[in-house]
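Asks: Below are the chains, spelled out letter by letter.
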Amino acid sequence: MIALEGLTKRYGEKVAVNNLTFEVRPGIVTGFLGPNGAGKSTTMRMILGLDHPTSGAVRIEGRRYAELRDPLRTIGALLDANANHGGRSAYHHLLCLAQSNGLPERRVREVLDVVGLSAVARKKAKGFSMGMGQRLGIAAALLGDPRILMFDEPVNGLDPEGIHWIRTLMQRLAAEGRTVFVSSHLMSEMALTAEHLVVIGQGRLLADLSMADFIQRNSRAYVRVRTPERERFLDVLRSAGLTAMETGGTLELDGVAAEQVGELAARHGLVLHELSPQQASLEEAFMRLTAESVEYHAHSDTPPAGERAPWGADWKKG
Amino acid sequence: MAVAQVLRSEWTKIRSVSSTVWTLSVALVVTVALGVLISWLTRREWGEMPARDRLTFDPTFISFAGMSLGQLAMIVFGVLVVSTEYSTGMIRTSLAAVPQRGVFYASKIAVATVPAFVVSLVTAFASFLLGQAVLGPHRAALGDEGVLRAVVGGALYMTLIAVFSMGVAAMLRSPMLALGVLMPFFFLLSPILGAVSATKKVGRYLPDQAGSRIMQVVTVGDDVPYGPWGGLGIMALWCAAALAGGYLLLKRRDA
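Residue numbers (my numbering), protein chains in the order written: chain A, 1 to 318; chain B, 1 to 255.
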């Protein structure tokens, strides 16, 4: 269990993390989602006691990080795949961490095996690929067999096989009853791994809910229509009390079933080139969520929610 | 957090990177080789030396002449031990494993000081013994008054150079910045301040000038206001200040 209470980090004028309060519970994978620069990494560094909060506090199993005896036995973290000395071998990197927390040398060989780096254990870390570096970081996180695991953007730089491996690993760790807290800026990634979601934007908490709730609340269902008789179709819709949103060459209809639209078109002898029920992607839902926060709290010149701003355009303004 | 665990961990860190071996080897080889060369040149030029210089000739000190250059490798050692934690990003991994920053810092400094002292001791004795062998008839013996103190003192001097560098590196974090400050300081600024008469009195209190007093056996006719141990004490105060500064910044800063 990780508990944040009013956690805040200011850098001069800029508020990187703004009054975050939430809990990360054991037994499930909790996704920590936010656009780049939302404050995810800063929050994680504060959880590990690396950065000092301006105000607020973090409790790891009820205690402050600095009060943990041999912290690697309680919480293991992957912050940055390159957080190791390139001139040191994978084995010695893990060995020095193990020794600092009174862990036996046997654990070093075990975790090297788990992450599949045994064959290159004696090689210097600077020769490692991004994916191998990521695996070394994960080995370090697993070293103390901790109850809590935290991964910052773990799939970055991994190949498809590596991504699959890490998803499976996280789910297995959660199934073992551990607390797994993993950050990402990709909703699609979280949708595959996380059972619970914490979403932040510009350092503020935007959502703290289960993945199922998020999908239910945020996925927009609509019907897409393409027709050569656009004007007449719009008239028919209007008389039926329906409205359509135009996007490019297609029309999108909210709050109506595809069957209804088809029957309506048939009654008026309209030609349709496409009629398909659509589900807005979670990625879009996530974008809308974060874009709203940006617009509502900080900028009045951002396009309204739902409008097709380029992916990520709103974030860059932060 | 058991301190013994952290000491072991830091020892593993220091012995598992190649920079430890090459910086300390260079310090040893350069200091000894240059000391022997200068001792040999001194012996060759003996006949042309003014009588006054011959009377105040300090064979012990001359055999340590290589230290002015060899200490630069010691500086590199001290800087790398501390600052590679930052330049590589290892510091975050290290502090997540050992959140008690005081314990982490003290262990790192203590563990790095041990090999620095051992190498310094070997360097000092090798410089002295080989230098004296080359000096031939003008040599000093280890049993002469003040000589053993100067040789052991030379080892302490080199060790403190490394310790001072560790403190400065902890404050500056970047290896390039730390080396960029320390190298010119010891190789250019301090010798210049010590050579110009207007700044000589201030220059005396710089860590290397004060500390190197302990390697001198013959001190006839100089007006330095402190003795060998006093000088080393001044250098130790510099080290304490640098270490304290490094500690305060480490404690306060975000990693």
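Just so you know, these hints were derived from the structure itself, not from any lab.
Hints should not be assumed to be uniformly reliable.
If the Cβ cut is set under 10 Å, some of the chain B residues that face chain A in the computed set are [to be verified]: (1) S9; (2) R92; (3) A96.
Using C-beta positions, here's what the derived DEER-type ranges look like [to be verified]: (4) P184(B) x K123(A): 31 to 41 Å; (5) F125(B) x K123(A): 34 to 44 Å; (6) S19(B) x R172(A): 48 to 58 Å; (7) K123(A) x D222(B): 51 to 61 Å; (8) A110(B) x R69(A): 15 to 25 Å; (9) G27(A) x A241(B): 45 to 55 Å; (10) W40(B) x K123(A): 25 to 35 Å; (11) D113(A) x L248(B): 39 to 49 Å; (12) D53(B) x K123(A): 21 to 31 Å; (13) S129(A) x L188(B): 38 to 48 Å; (14) S129(A) x M183(B): 49 to 59 Å.
Here the structure is a predicted model, which is why all the values come from computation and not from measurement.
Even for Gly, the Cβ is constructed at its ideal location relative to N, Cα and C.
Asks: For a quick check of understanding: which of the numbered hints are violated here, in increasing order?
Replies: Hint check: 6, 10, 12, 14 fail, others pass.
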